[in-house]
Amino acid sequence: MPSTSNHEGRVLQVLITGFGAFRNYEDNPSWLAVRGLHGARLDLSTTPEFNPGPESSNPVSTSGAAVAHIQCIQVPVHYGSILDIVPRLHGSKKPYSPHAEKWFDERCDDTGLAGEEGKHYPNGYRIEHPEDGFDVIIHVGVGKTGALRVETLGHKVGYKHEDAREDLAPEVIQANIAADSDTNGKGLSDDYSQIEYDPSVANEELFKDGKLRGFGEGYEAFHLEERTTVNVPDIVERLKQQGMGGNVCQSENAGRYLCDFIFYCSLCEAKRRSKQGVKKASVLFLHVPPIDKDLSTESCTSAIRCIAWYLATAQTS
45 MPSTSNHEGR
55 VLQVLITGFG
65 AFRNYEDNPS
75 WLAVRGLHGA
85 RLDLSTTPEF
95 NPGPESSNPV
105 STSGAAVAHI
115 QCIQVPVHYG
125 SILDIVPRLH
135 GSKKPYSPHA
145 EKWFDERCDD
155 TGLAGEEGKH
165 YPNGYRIEHP
175 EDGFDVIIHV
185 GVGKTGALRV
195 ETLGHKVGYK
205 HEDAREDLAP
215 EVIQANIAAD
225 SDTNGKGLSD
235 DYSQIEYDPS
245 VANEELFKDG
255 KLRGFGEGYE
265 AFHLEERTTV
275 NVPDIVERLK
285 QQGMGGNVCQ
295 SENAGRYLCD
305 FIFYCSLCEA
315 KRRSKQGVKK
325 ASVLFLHVPP
335 IDKDLSTESC
345 TSAIRCIAWY
355 LATAQTS
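Read in order, the letters of the sequence shown are residues 45 to 361 in my numbering.
Rather than coming from a laboratory, the hints here were simulated on the basis of the structure. All figures in this text were calculated on a predicted structure; none of them were measured in a lab. Careful: at least some of the hints might be erroneous.
Below 16 Å or equal to it, Euclidean Cα-Cα: the simulated EDC-like pairs (lysine to aspartate or glutamate) are [to be verified]:
| no. | residue 1 | residue 2 |
| --- | --- | --- |
| 1 | K204 | D253 |
| 2 | K163 | E145 |
| 3 | K138 | E261 |
| 4 | K188 | E296 |
| 5 | K163 | E150 |
| 6 | K284 | E93 |
| 7 | K188 | E281 |
| 8 | K204 | E215 |
| 9 | K137 | E175 |
| 10 | K188 | D336 |
| 11 | K137 | D176 |
| 12 | K255 | E206 |
Input sequences plus hints: build the corresponding full structure.
Structure below.
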């Protein structure tokens, strides 16, 4: 791994994930926007420019200043795989959900960034997992036409759609939701005070087959909604000022599909790490529009690069 000595400057470790194939997307727009950033090193002393053209800037430190080292992986559009992979991204040796199951989608990237069949992250991935963990984890998925959407929160339950393997999210028989006694905004409540959530009162439109689905066992101590600690309004405003204008916005609806699922899971794992007294990563989710609808792939890549720079820089303050 790159040195983090004072002489060479601090190296901030950034992981960006994109999704694999699903529905009519053999090449997921999120992965097309992400994959070109793998291996990039950003000079944190130089603000990157938003450049919608194919030659987006990628400043590299030559002055000994802190840098952000970006690595990327592709994840399958599969509930069980997210439950298996995401805790490991945050440093866990094993997943917390009994429904975790690594599925290798043969349609995924074949360069080693989607892993190998039968192997669990980081094994089989063309990636170097940092010994001290990632400082920033950004998840990217494809959304609706229109602006790039910076999401603010993830949902625990209400997942009704089948994934790419035609699996549903795990059934939640009795969800225990952490009470609002968590006042510090950063970790779980010290006593894990909980309130019971009755699935029978849930909105039936939120789930298929009349069953509540989402995060159950292993995630009892977390809230119905988990919010990122990232200053989303600031990021959106910075991107607007850099030239994105109305092509970027803040969102509070990640969609209750795999995008929402991975965001909630990652927010929980960051919170779990913090409660364990271990460094936690800043977590964010971005929705990019379909290919060349409103924004080009190059524009999305440039915006993601800028966001990675902002989040890494915030970790140095």
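Verification of the hints:
1. K204 x D253: 8 Å, holds
2. K163 x E145: 11 Å, holds
3. K138 x E261: Answer holds: K138 to E261 is near 14 Å, not above 16 Å.
4. K188 x E296: Measuring from Cα to Cα gives roughly 14 Å; hence the hint holds.
5. K163 x E150: Status holds; Cα separation ~14 Å.
6. K284 x E93: Holds - the C-alpha atoms of E93 and K284 are around 12 Å apart, at most 16 Å.
7. K188 x E281: Violated, at about 21 Å.
8. K204 x E215: 10 Å, holds
9. K137 x E175: 13 Å, holds
10. K188 x D336: Roughly 12 Å between the alpha carbons, so the hint for K188 and D336 holds.
11. K137 x D176: Holds: K137 and D176 sit about 14 Å apart, inside 16 Å.
12. K255 x E206: Satisfied, since the Cα-Cα distance of roughly 13 Å is no more than 16 Å.
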